[in-house]
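**Q** So the protein lines, in turn, are chains X and F. Per this note's numbering: the first sequence = residues 1 to 462. Per this note's numbering: the second sequence = residues 1 to 462.
It should be emphasised that the hints constitute simulated quantities derived from the structure, not laboratory data. Any given hint could turn out to be false.
Reference listing, derived: stretches of chain X covered by chain F, where coverage requires no fewer than 3 residues with Cβ under 8 Å from a Cβ of chain F [said to hold, decoys possible]:
1) 154-162
2) 168-178
3) 219-228
4) 313-325
5) 359-366
6) 428-435
Note that the structure is predicted; figures quoted are calculated from it, not measured. Virtual Cβ for every residue (Gly too), placed ideally from N, Cα, C.
Each chain, written out:
2 protein chains.
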Amino acid sequence: MISVTDQARQYARDHQQQFMQELFEMLRIPSLSADPAHASDIQRMAEWLRDHLTAIGATNVQIIETAGLPVVYGEYMGAGPDAPTVLIYSHYDVVPASLEDGWDTDPFEPVLRDGRLYARGVADDKGQMFTHFKALEAYLKTAGSAPVNIKFFADGEEEIASPHFADILRENLELLRADLCLISDTSMPSIDEPMILHSLRGMTYFEIHVDGPSADLHSGTWGGTVHNPALALAEIISKLHNPDHSIAVPGFYDDVVPLTDAERAMLEMTAISDETAKAMTGMPAVWGEAAYTIRERVSARPTMEVHGLGSGWTGPGPKTVLPAKAMAKLSCRLVGNQNPKDIFDRIKAYIESIAPPTVSVRVELLTSGDPALISHELPELQAAVRAYEKGWGATPIFVRGGGSIPAVAELYNQMKIPVVMMGYCLDDDGFHGPNEGMSVEMIQRGIETTIVYFDEVARSHS
Amino acid sequence: MISVTDQARQYARDHQQQFMQELFEMLRIPSLSADPAHASDIQRMAEWLRDHLTAIGATNVQIIETAGLPVVYGEYMGAGPDAPTVLIYSHYDVVPASLEDGWDTDPFEPVLRDGRLYARGVADDKGQMFTHFKALEAYLKTAGSAPVNIKFFADGEEEIASPHFADILRENLELLRADLCLISDTSMPSIDEPMILHSLRGMTYFEIHVDGPSADLHSGTWGGTVHNPALALAEIISKLHNPDHSIAVPGFYDDVVPLTDAERAMLEMTAISDETAKAMTGMPAVWGEAAYTIRERVSARPTMEVHGLGSGWTGPGPKTVLPAKAMAKLSCRLVGNQNPKDIFDRIKAYIESIAPPTVSVRVELLTSGDPALISHELPELQAAVRAYEKGWGATPIFVRGGGSIPAVAELYNQMKIPVVMMGYCLDDDGFHGPNEGMSVEMIQRGIETTIVYFDEVARSHS
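Next up, chain X with everything else stripped away, as it sits in the complex (with noise of 0.2 Å):
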């Protein structure tokens, strides 16, 4: 006789077209959190959502307003009160993208070519959170029940660091308390080396900006008296490394808890070579803390990057404007035990004293998460093994994740549940970048890995 979960993977493989089609509709909503011009996007998203969830069986389906973009939230019940709950976070919100950013389509306007998918979000992160959706509804439409209870969570902020999250989960404690939490936002190097996140990293996002003469002059009348905003900017941006490529800002290394030997010894199961890291991102050259492997440097070490520059004029031709102002975007990512008010504190504070009296100079917080780190022992950890060994078919690796999702470690730190990490996605599917994608294969391997995780709970909970 075939089995439930074989029944609800079937029904997943029947049913591939369908599902494409409507994650097409998903990814048609540009739904960019960080800019407010998208509001109306945002809304047409969450409605989006709560339609589907709907439509695919979720009861209590509802948009929660919050002091930011709406959480769209929907549950399945029908397991019953002795069968574990699972919250699965999710978000629906989306990075910037434009064609200029090298993308060969429209971002917005999802094509599949060669068994792939291409659209700003499929793999961070519409596609994922779809695999969810669609291994509940695998269930609803064979057995007409799943072996455990779901709660749907979509953040519309996690791209902007959920500013919100931590408030909405503490207002939302009961209608959110669960067993365990599932997140598929992550990724694995190759379709055959699928791994578990135990770890993310915390942020701090700032923003400097150097103000010099009071509106932009003309460098033929003014140039050579007056320190130029865009060359303070720089003289900054040079004295927050060390030669050595560690981080200036004094007492920034202070809280980081020293990796262990098994530690660095399980992070170089999955080493990443010089020519590995050269190939896949198109660098010159290696660049970091020599001390570190780029494995370690790109999960268990904290690392400031500029996200962007802005000064004066960047248009075609030679306009010799003296600018005024100039500023940058940076963040830090942060490991255990670093505190992220803490670090911005010591950032700005170094800034500060570097600034040199012929600008002005603000350093801003943006946003910030708290790092978090799970055991890979525990049962729920322990379950997500054997949902990728029979799911996916592979066996799942536990790694530290490079990546920051604020609400993990407010979902620990608050629920006092596992967050459990599963990703579906390939390391080199354009997070954030241009030719965003995911392939059709991991979707699917994704949907049935998800309708295995539940039975696994579900016996492991019994």
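With chain X held as given, fit chain F onto it using these hints.
**A** Chain F only, in chain X's frame:
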């Protein structure tokens, strides 16, 4: 009996309202030379000038097509073969401007407020150009003739460093042949302190492009292992000046003719105090080479300024992109005897020598122009002194200009004629900045000074 010049001056005073209406028409045309999107506005501007020159009585009026943007030419040869011929160089193109730059009103919808006209280009150089047109018109409408022959040459590419001017001059040497060249494209500290420029700086304008990874990356995935192009650019820019604010490019100062004590004394006559510089620019503190006075720095010393920085995301919110590239626009103001091409080569070689192997760096020349130094003892320059005394009402002093009018060096070198730079604007009229303005009083005095100058040139020639 009222003199011919007085009649012409009276005509100009009587027709001030008509003149303002004509100038408003010219200022409404956004003739931006740096932006190809404004090609049709450039064309409209050239046609307006052609029609206006014809209307005031110029002959042989024509739009001269060039390899770049068109030149507008018109002449008055009625003074006869024995009278001197004055070539008047001006430019009808302007630099970009928009409300977001801090303008109180639309930069291309001129307004008259408290006796001042506000509009992009009113000072640099449309308003000053206009004074020459009106001087000829005033003579022709009163005496029916002018004391000198006049050739108007309106450049369309001055703000992009006149890349085709040398060729245009070479190809039209016969048409443009003259005994001297008048340019009004400069300024004075206050209405009672007119200045005649006898030196202008040259320029080399270049871009630095830093390329890192082949596409934008996610900072959480690759941060800390890739040399961030925005960081690398900041590091390069921070090494272009020495700690004493001199320029760090080896050999940069090799060809600079040292200032003599006599020259320093002349420059000291127009000294700018720290307090004045701060009040005029709004900068918190003065910056620059401590061994030179502010006036020396802005006129007799070479400088290097950053005009623009661009990289990654500078819009609202925290986008965590690790940008694939970064760019900066810079230029140097050069003094005698610096060679712009040689200086560019030195800058390029220096930047390449400090460029790290972790990124790819390109240095590209945009435009360049020679510096120019003209003796103030020439009769054509002494006639200008008398023109200011009688026409403006104050004795001018000779100064070295901080800006660059690339055409000046070419005119001087190719035509072997004196170039007389009689500015009619104030230093703080906002050349290239927001709220560019010029007072009606200055425009009126400019017209009358030009009227007198034509007479003085005719007298000194006979």
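**Q** Against this structure, judge whether each hint is valid.
**A** For each hint, the structure was consulted:
Check on the region 154-162 of chain X: 3 of its residues sit with their Cβ under 8 Å from a Cβ of chain F, so the three-residue criterion for coverage holds. Under the rule that three or more residues need a Cβ within less than 8 Å of chain F, the assignment of the region 168-178 of chain X is violated, with 0 such residues. As drawn, the region 219-228 of chain X meets chain F at 10 residues by the rule of a beta-carbon pair under 8 Å; at three or more, the given contact holds. Beta-carbon proximity to chain F at under 8 Å applies to 12 residues in the region 313-325 of chain X; the threshold of 3 is reached and the given coverage holds.
Restraint check on the region 359-366 of chain X versus chain F: 3 residues with Cβ-Cβ distances below 8 Å, three needed, restraint holds. A stretch counts as covered by a chain when three or more of its residues have a beta carbon under 8 Å from one of that chain; for the region 428-435 of chain X and chain F the count is 6, and the coverage holds.
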